[in-house]
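Sequence lines, in order, name chains A and B.
My numbering applies: residue 10 is where the first sequence begins, and numbers increase by one.
My numbering applies: residue 10 is where the second sequence begins, and numbers increase by one.
It is worth saying that the hints were derived from the structure and are not from the lab.
Don't take every hint at face value.
Each computed EDC-like pair below joins lysine to aspartate or glutamate, with the alpha-carbon atoms no more than 16 Å apart [as the list claims (entries may be wrong)]:
(1) LYS254(B) to GLU348(B)
(2) LYS131(A) to ASP61(A)
(3) LYS434(A) to ASP99(B)
(4) LYS274(B) to ASP377(A)
(5) LYS68(B) to GLU39(B)
(6) LYS345(A) to GLU181(B)
(7) LYS16(B) to GLU446(A)
(8) LYS375(A) to GLU422(B)
(9) LYS375(B) to GLU445(A)
(10) LYS27(A) to GLU271(A)
(11) LYS87(A) to GLU239(A)
(12) LYS375(B) to ASP443(A)
(13) LYS26(A) to GLU239(A)
(14) LYS287(B) to ASP377(A)
(15) LYS224(A) to ASP389(A)
(16) LYS287(A) to GLU422(A)
(17) LYS131(B) to GLU181(B)
(18) LYS375(B) to ASP218(A)
(19) LYS287(A) to GLU446(B)
(20) LYS375(A) to GLU348(B)
(21) LYS87(A) to ASP389(A)
(22) LYS345(A) to ASP155(B)
(23) LYS434(B) to GLU351(A)
(24) LYS185(A) to GLU348(B)
(25) LYS434(B) to ASP61(A)
(26) LYS185(B) to GLU348(A)
(27) LYS16(B) to GLU445(A)
(28) LYS387(A) to GLU333(A)
(29) LYS254(A) to ASP40(A)
Reference excerpt, derived from the structure (chain A facing chain B, CB under 7 Å, subset only) [to be verified]:
(30) LEU89
(31) HIS91
(32) TYR94
(33) LEU124
(34) ALA281
(35) VAL308
(36) HIS311
(37) SER312
(38) PHE352
(39) GLY355
(40) LEU423
No residue lacks a Cβ here, since even glycine has one placed at the ideal position from N, Cα and C.
Protein chains: 2
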Amino acid sequence: MISINLKHSKVDNSEYKKLFETAKTRFLSEDLGFKRLPYEFPNLLSNFELADNLMKDKKAIVIIGIGGSDLGTRAIHKALNHPHYNEFIDITLNNEPKIYFIGDTTDPESISGLLDVLNLEKTLFLVVSKSGNTIEQASTFAYVRDQYINDNLNPVEYIAFITDPKTGTLREIANKSGYQTIDIPSDVGGRFSVLTNVGMIPSHILNVDIDQMLKGAMDLDELIKDSNLEDPVFEYTLNKFAQYKSGKIISVMMPYQYSLYEFAKWYQQLWAESLGKKFDINGKVVNVGQTPMSALGPVDQHSQLQLFNEGPNDKFFTFIRVEESRQNLNMPSNYKDVEQFEFMNGRNFQEILNFEQETTAFSLSKNDRPNVTISIPKVDAYHLGQLFYFFEVSVTLFGYVLGINPFDQPGVELSKNAMYGVLNKPGYEAIKKDFEEFKGY
Amino acid sequence: MISINLKHSKVDNSEYKKLFETAKTRFLSEDLGFKRLPYEFPNLLSNFELADNLMKDKKAIVIIGIGGSDLGTRAIHKALNHPHYNEFIDITLNNEPKIYFIGDTTDPESISGLLDVLNLEKTLFLVVSKSGNTIEQASTFAYVRDQYINDNLNPVEYIAFITDPKTGTLREIANKSGYQTIDIPSDVGGRFSVLTNVGMIPSHILNVDIDQMLKGAMDLDELIKDSNLEDPVFEYTLNKFAQYKSGKIISVMMPYQYSLYEFAKWYQQLWAESLGKKFDINGKVVNVGQTPMSALGPVDQHSQLQLFNEGPNDKFFTFIRVEESRQNLNMPSNYKDVEQFEFMNGRNFQEILNFEQETTAFSLSKNDRPNVTISIPKVDAYHLGQLFYFFEVSVTLFGYVLGINPFDQPGVELSKNAMYGVLNKPGYEAIKKDFEEFKGY
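Using the sequences and the hints, build the whole thing.
Put into structure tokens, the structure is as follows:
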């Protein structure tokens, strides 16, 4: 189980405690899609056979995703697979499939660069999108589909969709052209969807222990339900909120394990998109949200720490540390001609890494910068599932107390609609005109 | 040449103009190490032969670096090489060396994971560090050296140093044990060192057009010198500073080309470490600095844009766009069963990408969020050199007007010394005691 050290983030939170108790009561009573997911292993199982069939004779999987439809899978892959996974497979002649990500940009160098290293006949593309309308994914899908047609291959054997069970463009295309599909529950939003088929189908293909991942989330959910209001997520979020109100407007997520860096990027979307909102109070617009940054220790000690220690005191730090590494490496114990490093003689690398985390927390605390240390015993499916669920609940509580809806994202519509306008999609003529005036055509 | 559109970042800057004129005059008159670098191609040349000898019979290069000693090289590699460079080399049976990075962490999974995919006999490790005292690099170097010894190979044939010409631990070790060395100029700090041997030796090994990279920087330097005070860097920084003073305390760097994402990370160190400083005014401590964030378009439109548009109005946005891609890709023009995407018929991918940048700028501007668009004709060595130099000069001017020293980093000493203490390095007993009290031993 995750454990939390709040000692160096203490602040008077009495003003907000009642609000958080109300938020937790609301959370417990509500029927939110993502709360159900830790308990849904049996429902996932039914799709694994389809996934296995799709992967038959394939050597690589490509996720065509963006935002909530790929960040979770990236986090799982980086956390649980070899640090140089695709290369490692080649070297060891391993039979696991390689994995690639695309569809999060329309950058032609990205698309053509990936096609350079793929064998299309041995590749399964998974288009992961609820609507299928996202420009980046739609254009990538259309381009990839065309490559298969040009090669006289039938795209429906190499491309499948993970999408809404009933509505949306991808669903329409699948119905018409026969692409295989796997469902995303309609009541779970993109950034909360990692434990749905969105993250679990790629995880199954990569042989991740999904049962354990869900169990990690489930155990935390049970703990939250069994605790009489106060639980680790509650305590963490209450403190963080009180610090936010006292001026810590930036939230830095800083794991010390390289394998958790993509998890920090997943967190960044969750925190930014859920909480960065505007609303009207008596005709006055109020903008709220805590800006998330992802950092990596000790890497960013040599990039960001100067600012963190001595710059504006406007940040709240969350460290993630791991007690035991999956690799037991020690420094050599016989130096001879490099006696300058004798002080590291025989030390365990993970021990050094954790000292780095502690001394960084020490320096931040000395500079009066609030920081919390989250500790997990090991990077594995169980604790990763727990980390996902921890922050999904945390951002929900934070959003409720902030008085906003943590599940929508109205602020991305304007640029999206302008894109449709520029590309002459019917129905977007007005915003096209608005955009062209802005540009000065 | 870089061009800049400041239209949507306008703010009254009259209050700061005089200060920036003074800062520019100071910059022009000072003998700063990094200003000399664009003109030093002939001096670099002398080391290329040594680098070529080191690489003889080698198939891979590994940079043991952290912060200023690897972020620049990472930026160059990602900007100018194939998006899947190492895999692409394998597939095309290309004779170029592969490249890897390590030494920015003591994470044992990172170290052992890299060793899994390397052939030590065919690898050159470059330890890039002025002092050689950095824990992450020192421990990685010691470990790698030990692997060679265990394999009965002589480490001096596989490991070389890029380090201070006279002082420091690496210099001592080299003198004693015969490691080959290449110099880093003493008067150039880590985060300003990309155009020294730190970035240029790896660039030479990777066949980057170094001459053009320096020429890009040089042409911008000449423009700055020839302009009567006002030049693009001056204008950009003056506006950015005025916005900072009016509450834009976060600086978002958002290129729209995947290949420039590591450049944004390089910028993040430069901006954070140079400007995040404290100083005393009449006994009162003042903390200054603008917190840099790196983002990537359009990827982060589906992660951060909600916050950027509707969250707190505390950010200044710098877009980097590229007019011409190195890959000329078009959408297919015949859709048949995916008529939903007909509106993208035959469109050029780079054109779509640049529309995405423009519509994002449009939505930010509509929400009153200041944003600047930097445009370069193409991602190539020339314009990358120009981008590096642009922000080195910019951060210097910003720092001068802020009244701090942009070239030091006193705020990282505390945790560094605590690490030496914890690891029982002689001379660090007092801080060890302080740290242990903090931890509660």
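Okay, the hints, checked on the actual structure:
1. LYS254(B) to GLU348(B): Not OK: LYS254(B) and GLU348(B) at ~50 Å, beyond 16 Å, violated.
2. LYS131(A) to ASP61(A): 14 Å, holds
3. LYS434(A) to ASP99(B): Between LYS434(A) and ASP99(B) the Cα gap is close to 42 Å, so the pair fails against 16 Å, i.e. violated.
4. LYS274(B) to ASP377(A): Measuring from Cα to Cα gives roughly 27 Å; hence the hint is violated.
5. LYS68(B) to GLU39(B): Not satisfied, since the Cα-Cα distance of roughly 43 Å exceeds 16 Å.
6. LYS345(A) to GLU181(B): Holds. LYS345(A) to GLU181(B) sits at ~13 Å (cutoff 16 Å).
7. LYS16(B) to GLU446(A): Cα-Cα ~14 Å, so holds.
8. LYS375(A) to GLU422(B): 12 Å, holds
9. LYS375(B) to GLU445(A): Holds: LYS375(B) and GLU445(A) sit about 13 Å apart, inside 16 Å.
10. LYS27(A) to GLU271(A): 34 Å, violated
11. LYS87(A) to GLU239(A): 32 Å, violated
12. LYS375(B) to ASP443(A): Holds - the C-alpha atoms of ASP443(A) and LYS375(B) are around 10 Å apart, at most 16 Å.
13. LYS26(A) to GLU239(A): Measuring from Cα to Cα gives roughly 10 Å; hence the hint holds.
14. LYS287(B) to ASP377(A): 13 Å, holds
15. LYS224(A) to ASP389(A): 12 Å, holds
16. LYS287(A) to GLU422(A): Within the cut-off at roughly 14 Å; holds.
17. LYS131(B) to GLU181(B): 26 Å, violated
18. LYS375(B) to ASP218(A): 46 Å, violated
19. LYS287(A) to GLU446(B): 44 Å, violated
20. LYS375(A) to GLU348(B): 61 Å, violated
21. LYS87(A) to ASP389(A): 11 Å, holds
22. LYS345(A) to ASP155(B): Distance ~11 Å between LYS345(A) and ASP155(B) Cα, so the pair holds.
23. LYS434(B) to GLU351(A): Satisfied, since the Cα-Cα distance of roughly 8 Å is no more than 16 Å.
24. LYS185(A) to GLU348(B): 11 Å, holds
25. LYS434(B) to ASP61(A): 55 Å, violated
26. LYS185(B) to GLU348(A): 11 Å, holds
27. LYS16(B) to GLU445(A): Since the Cα atoms of LYS16(B) and GLU445(A) sit roughly 15 Å apart, the hinted pair holds (cutoff 16 Å).
28. LYS387(A) to GLU333(A): 5 Å, holds
29. LYS254(A) to ASP40(A): 29 Å, violated
30. LEU89: 11 Å, violated
31. HIS91: Because about 6 Å separates HIS91(A) from the closest Cβ in chain B, which is inside the 7 Å limit, the hint holds.
32. TYR94: 9 Å, violated
33. LEU124: 10 Å, violated
34. ALA281: 4 Å, holds
35. VAL308: 5 Å, holds
36. HIS311: This interface hint holds because 3 Å falls under the 7 Å limit.
37. SER312: 4 Å, holds
38. PHE352: 4 Å, holds
39. GLY355: It is violated, given that the least Cβ distance between GLY355(A) and chain B is near 11 Å, above 7 Å.
40. LEU423: Holds: closest Cβ of chain B sits about 4 Å from LEU423(A), inside 7 Å.
Hints 1, 3, 4, 5, 10, 11, 17, 18, 19, 20, 25, 29, 30, 32, 33 and 39 from the list above are not met by this structure, while the remaining hints are.
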